[in-house]
Structure formats: structure tokens, C-alpha cells
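Trainee: Can you make the complete structure from the sequences, with help from the hints?
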Amino acid sequence: MRVRTVLNDLVPEALGVTDAHDHLFFRSVALPPDQALDDAAAAVAEVRAFADAGGQAIVQWTPHGLNRRADLLPGISTRTGVSIVAATGLHRREHYPEGYVDKVQDQLAEIFVRELTTGIGDTQVRAGLIKVAGGFHALDVHAELVMRAAAEAHHVTNAPIAVHHELGSAADAVLDLLVDKLDVHPAAVVLGHLNRFPDHRAHLDLARRGAWLAFDGPSRANSATDPRLIDCLAALIDAGYADRLLLGGDTTSARARAATGEGPGMPYLLTHLKPRLTRYFGADIADAVFRANPARAFATDWRM
1 MRVRTVLNDL VPEALGVTDA HDHLFFRSVA LPPDQALDDA AAAVAEVRAF ADAGGQAIVQ
61 WTPHGLNRRA DLLPGISTRT GVSIVAATGL HRREHYPEGY VDKVQDQLAE IFVRELTTGI
121 GDTQVRAGLI KVAGGFHALD VHAELVMRAA AEAHHVTNAP IAVHHELGSA ADAVLDLLVD
181 KLDVHPAAVV LGHLNRFPDH RAHLDLARRG AWLAFDGPSR ANSATDPRLI DCLAALIDAG
241 YADRLLLGGD TTSARARAAT GEGPGMPYLL THLKPRLTRY FGADIADAVF RANPARAFAT
301 DWRM
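The numbering of the sequence shown is the numbering used here, which starts it at 1 and goes up by one.
Honestly, I wouldn't trust all of these hints.
[What the hints assert, rightly or not] Below 20 Å or equal to it, Euclidean Cα-Cα: the simulated DMTMM-like pairs (lysine to aspartate or glutamate) are:
#, residue 1, residue 2
1, Lys181, Asp199
2, Lys103, Glu144
3, Lys103, Asp122
4, Lys181, Asp226
5, Lys103, Asp140
6, Lys181, Asp122
7, Lys181, Glu144
[Unchecked claim] Pairwise CB distance ranges, derived in the manner of DEER restraints:
#, residue 1, residue 2, range
8, Ala202, Tyr280, 38 to 48 Å
9, Glu94, Ala40, 34 to 44 Å
10, Asp9, Lys103, 30 to 40 Å
11, Asp34, Met1, 39 to 49 Å
Just so you know, the hints here were simulated from the structure itself, not pulled from any lab data.
By construction, the Cβ of each residue, glycine as well, lies at the ideal position given by its N, Cα and C atoms.
Mentor: What follows is the structure in C-alpha cells.
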């Protein structure tokens, strides 16, 4: 079992304290151009701020075609001492320029496998997960197409699959497709943005199915859901699912960065949320969420 980082494959216990979902580089036509994450110096400053707070690893969920800057990631990792996991995959259609998805949609599985095993673009930097996206309360044609390609690439490589859920919804439909129909093991699936759909019963249903549950987004303005985060985690911890939980910052705009923007950015996970988890649930639970769980969630027996 290894975690595939932009520098090398690590034994899981070497990953350390992890931000399980974030972005160092990200550009989308759905976001204002002045908020794109494309400044290398700002990315380095943010990673250093995260490291100063005790962070040791970042999982970047930026997928194919959205300015991942794979060429810069090894240098950032080396300069800061923070391990970085890159992603392949494809986001929702609205994040791409007109015609882009149509151009690549018939080659997605091939692209994903190549980026997981050979390298992203002209680099030798390999992705360590496949990032896909569902729709709002359902899976549209685009989402199903991408997930089928992701499942195909997973079966070739054994790579984990991480899922963006639109407003946190349709995670059950994702498992219906990936796990029940396409034979992806639930332990290879990370369900993201569940904080945006703070339904305890829905979360418990997902946990019973064996997937990873990611609560990610304190770097964004999710004011309606952030105050309910601890209650959502408590319901799962009380039910015995502390070993399935992940936390991430999901910093997707320049404004949200801590080092060069208005914050709270990546450090917030460790300066604010980790102490709260320790206070409410104990140091062992906090350590599981930030260290042990990511090590298991993003490690796999790579086939290529």
C-alpha cells in the first residue's frame, strides 16, 4: 500500500498530518478571473503557513484541465517539506471553456490512466487520485460519463476516486453507480463536501456503505453549514465511524488564502478545527481524522 505523491510513492504512515481536500492551483470559467489560483509564490506561502501550523501533507483535488500546474508541485513540495498528492479526473462541465469537454470526453479513461501512471501533461508528475463530480441531487449525463471513465481507470490502476458533490447532495447516487453498478470498492471512494448537506441520517447511511466521508470547505463562505460541522462529526463519531472521517479546506479562490488573501485558508484546519476536535472528542479522534484516516484513504495497492 502506497500514497502516490508528486515526488514519490510513500508508505501510508509517512504522510502525516493531512489536509485531505484543497487546491494550490485552480482556474475555472465559472469563477472570476481575478480569483484564480495561479500564483506560484502565493501557493508556496500558503503551504508554508500550513506547515507552520503543523501540516505535513496536502491532497490537491484540482483535476484535468483546470490549471493544476503539475510542473510546479514537486518544487513546492521540496521547498516546503510538505507532501502533495495531485489529481487527475474531470470536474463538472460548467468549469471548462466551451467545447473542451466534448474534445476529451471519449478519451477520459485513457487520460486518467496516463496521468496516474506516466505523468500529467509533459511532466513525469503522477496523479494520486481521480477527482470526479456529481450533480445536484442526481447524476446528470456528464457526471455519469466521467464516473464510468473513473471506474475504468480505477480498475486498471486501483487509484482512489474522490467525488465533488454539488451542494453536498447525491452522494447516495454516486455510490449506487460507482460501487453497486461499476464494482468500485467503497473504501476506494471519498465522498466530498458532505458539510454542505448537513443531514445526520444521510451521513450515517453513507457511512454504513463503507465510503470515506469528507467534510471540506471552511476556507469558503459556507456560513449556513459551518456551524453544524461539529454536530455532523459528533453524530458519526458517536455511531462508531470516526475511522471514516476526513477534513479539508477546499481553498478555491485567491481571496480565501490565509497567507496572501483574507483567509482563513489552509492553516485554519489545524489552528482552529483540530483543537476543537481534540477538545470535544479527544486527541485520539483528532489524530485519526488528520493523520490515520488520510493515510488509509489515499493509500492503495497500485497496479501500475
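Trainee: If a hint holds in the structure, say so; if it does not, say that too.
Mentor: A quick look at each hint next to the structure:
1. Lys181 / Asp199: Given pair Lys181, Asp199 is violated - Cα atoms ~25 Å apart, limit 20 Å.
2. Lys103 / Glu144: The hint holds at about 17 Å.
3. Lys103 / Asp122: It holds: about 19 Å lies between the C-alpha atoms, which stays within 20 Å.
4. Lys181 / Asp226: violated (33 Å)
5. Lys103 / Asp140: holds (19 Å)
6. Lys181 / Asp122: violated (34 Å)
7. Lys181 / Glu144: holds (11 Å)
8. Ala202 / Tyr280: 38 to 48 Å: violated (22 Å)
9. Glu94 / Ala40: 34 to 44 Å: Roughly 26 Å apart at Cβ, these two residues miss the hinted range, so it is violated.
10. Asp9 / Lys103: 30 to 40 Å: Between Asp9 and Lys103, where Cβ atoms are some 31 Å apart, the hint holds.
11. Asp34 / Met1: 39 to 49 Å: holds (42 Å)
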